[in-house]
Structures are given as C-alpha cells and as structure tokens.
Amino acid sequence: MLTKYQQFFTGRPTVEIAKDLLGKLVKYQTKSGIIGGYIVETEAYLGEKDSASHAFNGRRTGYSESLYGMPGNIYLYQIRGHYCFDIVVQDAEEPQGILLRGIEPALNIDKMIENRHMSGVNITNGPGKLVQALGIHSRDLDGQPMETSPLTVDLHNYKIPGEIAISARIGVNLKGKDGLSPRRFYVKGNPYVSNVKKQDMDLECHGWKG
DNA sequence: TCGCCGATGGTCT
DNA sequence: GACCATCGGCGAT
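When the letters of the first sequence are read in order and numbered with the working numbering, they come out as residues 1 to 210.
Honestly, the hints are just simulated from the structure, not real lab data. Every value quoted in this text rests on a predicted model; they were computed, and no experiment measured them. A portion of the hints provided could be inaccurate.
To be verified - Label pairs and their computed distance ranges (CB to CB):
1) 60 with 203: 40 to 46 angstroms
2) 3 with 59: 25 to 31 angstroms
3) 150 with 118: 19 to 25 angstroms
4) 32 with 12: 24 to 30 angstroms
To be verified - Below, a list of computed lysine-lysine pairs in the BS3-like style, where the Cα atoms sit at most 30 angstroms apart:
5) 188 with 111
6) 19 with 198
7) 27 with 111
From the three backbone atoms N, C-alpha and C, an ideal C-beta is built for every residue, glycine too.
Could you put the whole structure together from the sequences, leaning on the hints where they help?
Quick look at the structure:
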C-alpha cells in the first residue's frame, strides 16, 4: 500500500510528474536549520527503454539499484566528482527517475552561498551545484524514502510556474536514440535554470504566476 | 557573453 | 582504461 505522498510519484507518465514538480519546495534538514528552494528545472529519465538512462537496456548494478526502488525514494549518485539528486518515480522494479537541475534559493540562502563559495544564480543553477549548495557531499541519503528523510520535497509548499518550457536534456550522449528527446522541463524566465541567457531571464517575477 | 577545454572521482568492463 | 545525467576558468568575440 502506497502512502499519499508516494502516490504523487507514480500512476501517471514520468514527464507529467516532472512538470508537476516545477515550483515545489525542496527542503534539507540540517544541524543549522532547514535549507531549501523551489524547483525550477527537471529532467525525465524513462528507464529501460531510454538510451540516456542509467537503467537503459535493463542495466542493473549495485550503484544504481535505488532507481528500482519505491516511488518518492532518493537516487543520489555521483558523476565526474559531483553529486546529483534524482527522485525515483513509478512503482518498484520500474527504474524511472527525475533529475533536479535547478532550484531557486528560498530557505537559509546565506548557508547556500557559504556552501558554494559563490553568489548569484551560480549557487543553484545546475544539478551538481544545487546539491553542493544544500551541503550534501556523500551518498548517505541514496535509497531513502523522501517522506522520512532529512532531504525531501514539500508537496504542500509551492509556487505556480507562469509558463513551462521544454527542451532536450543537457549533457546526455547525443548518439543515443533518445539524445534529442524533449524531456527537460523548466520555469520559463527563471534565472536559476541552467544555461539560460541573461536576456531570457524574467528578473521581476522569476517566471512565477502572479 | 559565448564556447571550448581540462579537472574531476567513482564505477564498470 | 574508458566512460560519464558536471563545473568553472579562460580566451575569443
């Protein structure tokens, strides 16, 4: 039996969940308080049939085992010396995931600046950057259910995107058949989306509705 | 402001 | 030894 929280992360297409996550609040409980920000950019990885997925062709190793876990679990992995935060979606044994690529800092911003040794949009406008901003530098949380983890997404605390933009995913192997598939979603105009040009930023509303 | 390129570290073959 | 769901600095515009 799935909890209400877990049900958010299954029972509908992964791309739909990825879009629905935009605007939700990521929170990380630490000794020095709660650090967090609103999700502004996500990417959908569709598992065994997706050439860009860690689970492509049923690939299953100890390293990426978490992807096969329950919906709403954390998949925390390392790439080129940087950690990335994935949310496991779909039922167990269905290895799909959503990569968080950008958040807009909201809680304990000073701590994020300190963790990153940087300021401005560079604090959190990339998958490795936002994890470092939260102060995570190990895989300790890999495989944990977000519902009972210090690292979580608060589904009741959110902003509404004005417009959701779609593009191909960043950094994936373009030779794969899904290299150019439109599975990246972001809040149009938000400055904390990775690779946005300054001229495309909405510096007034940050792309949120209202 | 853009694009290139080297560093990065862990995992798998 | 190769492969990467990345980052930041540098040099060319």
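Hint check results:
1. At roughly 45 angstroms, the beta-carbon separation of residue 60 and residue 203 lies within the given 40 to 46 angstroms, and the hint holds.
2. Between residue 3 and residue 59 the C-beta distance comes to about 29 angstroms, which sits within the given range of 25 to 31 angstroms.
3. Judged by the Cβ atoms, the range 19 to 25 angstroms given for residue 150 and residue 118 holds: they are separated by roughly 24 angstroms.
4. For residue 32 paired with residue 12, a C-beta distance near 37 angstroms fails the hint of 24 to 30 angstroms.
5. For the proposed pair residue 188 and residue 111, the alpha carbon gap of about 26 angstroms is at most 30 angstroms, so the pair holds.
6. With a CA separation close to 23 angstroms, the supplied pair residue 19 and residue 198 stays within the 30 angstroms bound.
7. This hinted pair checks out: residue 27 and residue 111 have alpha carbons roughly 13 angstroms apart, not beyond 30 angstroms.
Checked against the numbered hints given earlier, the structure breaks only hint 4 and satisfies all the rest.
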